[in-house]
Amino acid sequence: MTDRDSSVVLDAVTRSYGTTTVIAPTSVTVGDGEFVSVLGPSGCGKSTILSMVAGLAAPSTGRVLAGGRPVRGPGPDRGMVFQDHALLPWRTARGNVEFGLASARPELTRAQRREVADRHLARVGLARAADRRPARLSGGMQQRVGLARAFAVDPEILLLDEPFGALDALTRRELQLQLLEVWEESQRTVIMVTHDVDEAILLSDRVLVMSAGPESTVIADVPVDLPRPRHTVAGAGGDGGGGGDTDRRERYTAGLRRELLGLLQSQH
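With full-length UniProt numbering applied, the sequence shown covers 1 to 268.
Simulated from the structure, these hints should not be mistaken for laboratory data.
No experiment lies behind these values; they were computed from the predicted model shown.
Each hint should be verified, as a subset may be incorrect.
Claimed, not checked - Simulated restraints on C-beta separations:
1. R72 / R128: 36 to 44 Å
2. S16 / E115: 41 to 49 Å
3. R72 / H195: 41 to 49 Å
4. E185 / L56: 22 to 30 Å
5. P223 / S266: 14 to 22 Å
6. L65 / S103: 18 to 26 Å
Ideal Cβ placement from N, Cα and C applies to all residues, glycine included.
I would like the entire structure built from these sequences, with the hints used as guidance.
Now the structure itself:
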């Protein structure tokens, strides 16, 4: 960890399109190094919240702070991973990571960019695929490139917009565990939009639940009181210790799942 501030504050933000209010006044604080997931019904504005933090959309009223500074547009302090990975099809996996580095970290030489790109591709299991273009990569591998690109620019805040939503269950689980491992090493602030309650529980320190739209807002802020590191426990099928510990973990997780599902069902 560094001593830099990577907190995020949404201070009474709203977002309107014409006469339609999509986001009603919403205030949220995400602490430095926290992993926070956002759940809610389809169309409730989860991605709009993320876009305002990224600087891709401005709030109609209120303000967004990242690291204590007002967000006025995109910046290298915030990295974003989209569901469709948004890779440049004519560049290799390495080239896609280097492209992000060229703009976000211009002080690096070409050789340094290559070294950083290769290191982060290796972290997500793509060392042997660095020279392949996206068309020769599976969906899971493409999303790994997106994660490598985001972490390589060394953002203070990482924004994930349903990054694993289009993947099969096995690949999704594998990438969730890789993300956990990388995050637990880097301790960056993460805000992730997801529809998957179990994913939110596995990854998060807190889960924000949004109301149905229009005029959505955060209706619950639910802490996830599970010990870390979690990637070793989850990767071992949940057997992270004695039987009693495992039973307590499973009971707690089941109760938390019921709570979150109940909150979501109340919005339909």
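Tested hints:
no.: 1; hint: R72 / R128: 36 to 44 Å; verdict: 41 Å, holds
no.: 2; hint: S16 / E115: 41 to 49 Å; verdict: 46 Å, holds
no.: 3; hint: R72 / H195: 41 to 49 Å; verdict: 30 Å, violated
no.: 4; hint: E185 / L56: 22 to 30 Å; verdict: 27 Å, holds
no.: 5; hint: P223 / S266: 14 to 22 Å; verdict: 19 Å, holds
no.: 6; hint: L65 / S103: 18 to 26 Å; verdict: 23 Å, holds
The earlier numbered hint that this structure contradicts is number 3, and it is the only one.
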